[in-house]
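Keeping their order, the protein sequence lines are chains V and G.
Anchor point for the first sequence: position 393 equals 393 in the numbering used here, and the numbering is continuous, going up by one each time.
All you need for the numbering used here is the position in the second sequence, starting with 1, plus 485.
Among the hints, erroneous ones may be present.
Stated by the list, open to error - DEER-style ranges, computed between Cβ atoms:
| no. | chain 1 | residue 1 | chain 2 | residue 2 | range |
| --- | --- | --- | --- | --- | --- |
| 1 | V | Gly135 | G | Gln625 | 39 to 45 Å |
| 2 | G | Leu697 | V | Thr257 | 35 to 41 Å |
| 3 | G | Gly685 | V | Val364 | 32 to 38 Å |
| 4 | G | Leu510 | V | Arg185 | 56 to 62 Å |
| 5 | G | Gln625 | V | Trp386 | 30 to 36 Å |
| 6 | V | Leu420 | G | Ile568 | 19 to 25 Å |
Stated by the list, open to error - What the simulated footprint calls covered on chain G by chain V, stretch by stretch (three residues with Cβ under 8 Å from a Cβ of chain V suffice, anywhere in the stretch; the number is not a length):
| no. | region |
| --- | --- |
| 7 | 490 to 502 |
| 8 | 532 to 545 |
| 9 | 552 to 560 |
| 10 | 568 to 575 |
| 11 | 580 to 586 |
| 12 | 619 to 628 |
Claimed, not checked - Below, computed lysine to any residue pairings styled on SDA-like, alpha-carbon distance capped at 25 Å:
| no. | chain 1 | residue 1 | chain 2 | residue 2 |
| --- | --- | --- | --- | --- |
| 13 | G | Lys573 | G | Phe555 |
| 14 | G | Lys554 | G | Leu543 |
| 15 | G | Lys554 | V | Phe294 |
| 16 | V | Lys6 | V | Gly88 |
| 17 | G | Lys573 | V | Phe266 |
| 18 | G | Lys554 | G | Phe541 |
| 19 | G | Lys554 | V | Thr432 |
| 20 | G | Lys554 | V | Phe266 |
| 21 | V | Lys6 | V | Leu19 |
| 22 | G | Lys573 | G | Pro640 |
| 23 | G | Lys554 | G | His489 |
| 24 | G | Lys573 | G | Ala492 |
| 25 | G | Lys573 | V | Arg415 |
| 26 | G | Lys722 | G | Ala588 |
| 27 | G | Lys573 | V | Val364 |
| 28 | G | Lys554 | V | Ala347 |
| 29 | G | Lys573 | G | Phe583 |
| 30 | G | Lys573 | V | Tyr356 |
| 31 | G | Lys722 | G | Glu636 |
| 32 | G | Lys573 | V | Pro352 |
| 33 | G | Lys554 | V | Thr422 |
| 34 | G | Lys554 | V | Leu436 |
| 35 | G | Lys573 | G | Val536 |
| 36 | G | Lys573 | V | Ala365 |
| 37 | G | Lys554 | V | Arg259 |
| 38 | G | Lys554 | V | Leu420 |
| 39 | G | Lys722 | G | Pro626 |
| 40 | G | Lys554 | V | Ile256 |
No lab work stands behind these hints: they were computed from the structure.
Beta carbons: idealized from backbone N, C-alpha and C, even for Gly.
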Amino acid sequence: MTMAAKLRAPGWYRAALSLPIGALVAFAIVAGARALYGWTPVIDGEAITTVALIAMPLAFLVGIGCFDYWFRWASGAPTVPEDHSGHGATSWRDYFRVNTDHKVIGIQYIVTTFVFFMLAGLMAMLIRAELAAPGTQFVDPNTYNGLFSVHASLMIFLFIIPVFAGIANYVIPLMIGAPDMAFPRLNALSFWMLPMAGIMMLASFFAPGGAFATGWTAYAPLSTDTPLGQTFFTIAVQFAGASSIATALNFLVTIITMRAPGLTFFRMPLLVWANFTTSLLVVIATPFIAGSQFFLLLDRALGTEFFQVANGGDVIMYQHVFWFYSHPAVYIMMLPGFGIISEVISANARKPIFGYRMMAFSLVAIVILGFTVWAHHMFVSGMASWLRVPMMITTMLIAVPTGIKIFSWLATLWRGVIHLTTPMLFALGFITMFTLGGISGIMLAVIPVVIHVSDTYFVVAHIHYVLFGGSVFTIFAGIYSGSRR
Amino acid sequence: MRKHPLAQMLVIGTIASILGVILALAIDWFPPQGSASARDIDTLYDVLMIVSVPIFVLVMTVAIYSVVKFRARPGDQSDGAPIHGNTKLEVVWVTIPFLIVSALAFYGWVVLDDIERPQPNTMVVDVTGQQFAWSFEYPQPGGAEPVQSNELVLPVNRPVDFNIQALDVIHSFWVPAFRLKSDAVPGIETTYRVTPDVEGTYDVVCAELCGLGHATMRQSVRVVPEEEFTSWLAQRKEEAAPAAGAAQGTGPDEGAAPSGEDQQAPPSDQPEAGTEGASSGGSEPVG
Ligand code: HEM
Ligand SMILES: [Cu+2]
Ligand SMILES: [Cu+2]
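Looking at chain G on its own, in the form it has when it is part of the complex:
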């Protein structure tokens, strides 16, 4: 006696799904995790995998089983079973996918809310993209000159809000280890928020085709202990001080520029795009 076909498929499908899910979870899909959001997003991705594999297996099992089982014998010119539909079945395969995608959308929404929730004690870093390098600015309290750098350095465990802008064309500010990216768009400021929580050096990548040097538009971010960050910032301030004494906007900062140093100019030199008409000089209205 053969087993019922549905039971047979169920057994095969379950085994294949389990193997597939194990494989999907074993594969190391993403770069190292450098933030809490990275862990949330990776978990979400794993859940998507766990849901997706059985769906794919289901489709394949039915397809392969049908082909094996119902394949025409040579010379067989008969017709298949005259089945035109089955309302119950159709209701099932409308309802179940609907529930699955609703649940996934809800879960995705929750994670989105989580990673974008405002945090206390946030510091702000301004990011500027231009062909073909990123530059960073650390606004200082009390209206002091912001600290400029071609290197991104962040204190570990401190929430950061990036304010991102572009000077020429669209770029996309992506730190794969944080799992976050946002386009840098001429004329508007975009933002994203992250809390780096693992020390290390990670890539900063431009993810939007921005011209011939796009592929070289890569820098790095160093996530360091708070004290190291503070002393780095102080040092940057000192180095900048003589330059600030000189005529505004002469010396581009001498920091370690990974690429394209010659394109680097302090943003005050650039025609500020769109919204922020005022120059960074901060002229007082004369009464």
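Only chain V is shown next, with the shape it has when bound in the complex:
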């Protein structure tokens, strides 16, 4: 191929060319708008960066070829029937292309997310090393706050949530007997948005003023008056969120419409149920975090005043919108793991899962209850105080479906023929740690106790029991059992 042809064909060359074009467009939009309004300076670095953070990833996605088919179709040009669903990857290079095969995409997801897992893990080590002794060791307060904020955001948005999407991409079509996902090109786009989000979060360390340093929760108004790094978070979350929503829609349609004949809902493996219910959570909840971050972005970039109390803004509102997503998000991070554990335990105990229907119903119950508890993150926030007791009760009620799951796994072990394979060991570790995490969650729901321990290491411990001992162990269980097949 000649160079010109390379630059015209979808791929890395065209992507490399379109990145600077994206930057130029951002520059032109900002400078143009500022010149029209007569604002000085016309060239404003922060404003250009903000727009570039949206324009450059989009330009990259166009360059790498995520939109080619749709553009051609929309413009009436002959579409290139280039989809790899027939063959997947033939060489390692195929993993670095826009590929529509669900297995390839699954691997792309898993490898990418593990890279971010490792980076975020290294940050955790830096955090602990810094905390080895009182006082400052080797990072200043701003870098420290940046480290734990980027650590948490990468772990949540670039590892746990998407790695489950990757695993599901690989196995769901196989489990329901579908040839591929319902929307393979959307599937590829979903994947390619992820590295954008991750790189943006990492790149925030190089922003003037350092990485975003307001935690993964980015509470306003702190997050509206911190330096530029915060904008990297705000926009990265939009890309990760859009990726999540698109994948979830894809799973819903695939699971609802593409099951093999005879595979009724109540014959689906629990892993499929788990991804079905997770996708419901994603589709309903994720737009809320997108909204919360758009509010922040508009406050930061355009001077809207959603959270500026001097002009009638409301800072509690941020927390309501944020947690209306982020509580369901904790189940987005857990339900797929529940599915994996059900399969692993049943396979390694050589027994059918105990109480299949109740297991499926309890997933649905968690989805529904999961939308009624968000304010348990806000018990000391100064929100309407009558809301506390109802949210305590609903939170504690989630223990019931969660208990059903734990007890049913135990009953599945009972009188099985237990093979202590690696996935099974992770599953047993999961049961142990997740039980601790769930119990600490119940404690956190009891208002008088949480008034004391909210915003302390008690909460940090809780989330690491459920996320590390919980979600991460299920991911390891899943990856190990997948790689043995």
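Place chain G with the ligands on chain V using the hints.
Quick look at chain G with the ligands alone, frame taken from chain V:
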């Protein structure tokens, strides 16, 4: 003859639960208790522990027992017992957890009601959080100038209502010894109520990430006998008097500021956030 497996597990589980509960109660989880609510909350926490440990032990006992007892012998490729469910058992493990969490929620609600019940003879302290220090104001009867301080001093055994606000970002006013915290939120006033009943000096901590100096946003509260408090307050009033004579809002008060004295300015200097538009000068509407 071996014992019945359930009996065996029951014995092991009971012993482990007892040991676990003893351990959980022996651990000193929390800082010193400085208020009646602290004792109520610690008791509640202990009860949660007493309930939680056996649940964890139950799960672990069944899991470990199964792994030991039902582990496949090498080469065993047989299937496990074809059990698909057991309605009775499932009803049990829906009902019992439901009852437990209902009881705990009810107990939690009762304690919450207790610690928030209005008390007679309450005094009011206004708390203001800003990056990165707390300041306190004691409203005086009869419209007198409130007494300002960078140190929190409270009379023992006197109920206090804190009215909490923030000038810049969200902070969280936490006195671990009282077991109570409440966010300080720009634009609204939050409250909490406590009766300190043990004399001593305790930490006042900011519990909400509020910027670079968040970790240094620590002061202390002195809980002292009533007489000592009254004389302290009188002294503060005297010290403030000359400053009040001078132009409004010049001298920040000279009290012992544990940190960030330079950020301290009397709240009248600050644009009052949101709701309380009127300045503390209290201008009379002119007829
Ligand atoms: C029985 C189930 C659970 C209950 C009752 C529960 C309860 C709670 C409560 C009440 C809080 C708020 C604490 C506070 O901020 O004061 C909380 C925080 C949190 N929980 Fe859970 N939880 C449960 C399971 C999970 C699971 C499965 C996950 C994720 C896999 C999870 C992840 C988190 C996270 C990320 C936070 C927020 C930490 C922060 O403020 O940054 N929880 N949980
Ligand atoms: Cu939650
Ligand atoms: Cu703070």
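Using the beta carbons of Leu420 of chain V and Ile568 of chain G, state whether their distance is inside 19 to 25 Å or not.
20 Å, holds
Compare the distance between the alpha carbons of Lys573 of chain G and Val364 of chain V with 25 Å, and conclude whether the hinted pair is satisfied.
With Cα atoms ~21 Å apart, Lys573 of chain G and Val364 of chain V stay inside 25 Å; holds.
Is 30 to 36 Å a correct range for the gap between the Cβ atoms of Gln625 of chain G and Trp386 of chain V?
Taking Cβ atoms as reference, Gln625 of chain G and Trp386 of chain V lie about 33 Å apart, which means the hint holds.
Mind taking a look at whether chain V covers the region 552 to 560 of chain G? Criterion is 3 or more residues with CB to CB distance under 8 Å.
holds (count 4)
Given the hint that Lys554 of chain G pairs with Phe294 of chain V, does the C-alpha gap stay at or below 25 Å?
This hinted pair is violated, its Cα atoms lying about 55 Å apart.
Mind checking the alpha carbons of Lys6 of chain V and Gly88 of chain V for me, to see if they're no more than 25 Å apart?
Roughly 22 Å between the alpha carbons, so the hint for Lys6 of chain V and Gly88 of chain V holds.
Taking 25 Å as the top limit, are the C-alpha atoms of Lys722 of chain G and Pro626 of chain G close enough?
13 Å, holds
Take the C-alpha atoms of Lys573 of chain G and Ala492 of chain G, compute the straight-line distance between them, and say whether it is at most 25 Å.
20 Å, holds
Residue count check for the region 532 to 545 of chain G against chain V: does it reach three with CB-CB under 8 Å?
holds (count 6)
Distance restraint between Lys554 of chain G and Leu420 of chain V, which requires alpha-carbon spacing of 25 Å or less
12 Å, holds
Check the hint pairing Lys554 of chain G with Ile256 of chain V against an upper bound of 25 Å on the C-alpha distance.
It is violated: about 41 Å lies between the C-alpha atoms, which goes past 25 Å.
Coverage of the region 568 to 575 of chain G by chain V (three or more Cβ within 8 Å)
holds (count 6)
Hint violations for this structure: numbers 2, 3, 7, 12, 15, 20, 22, 26, 37, 40, all remaining hints satisfied.
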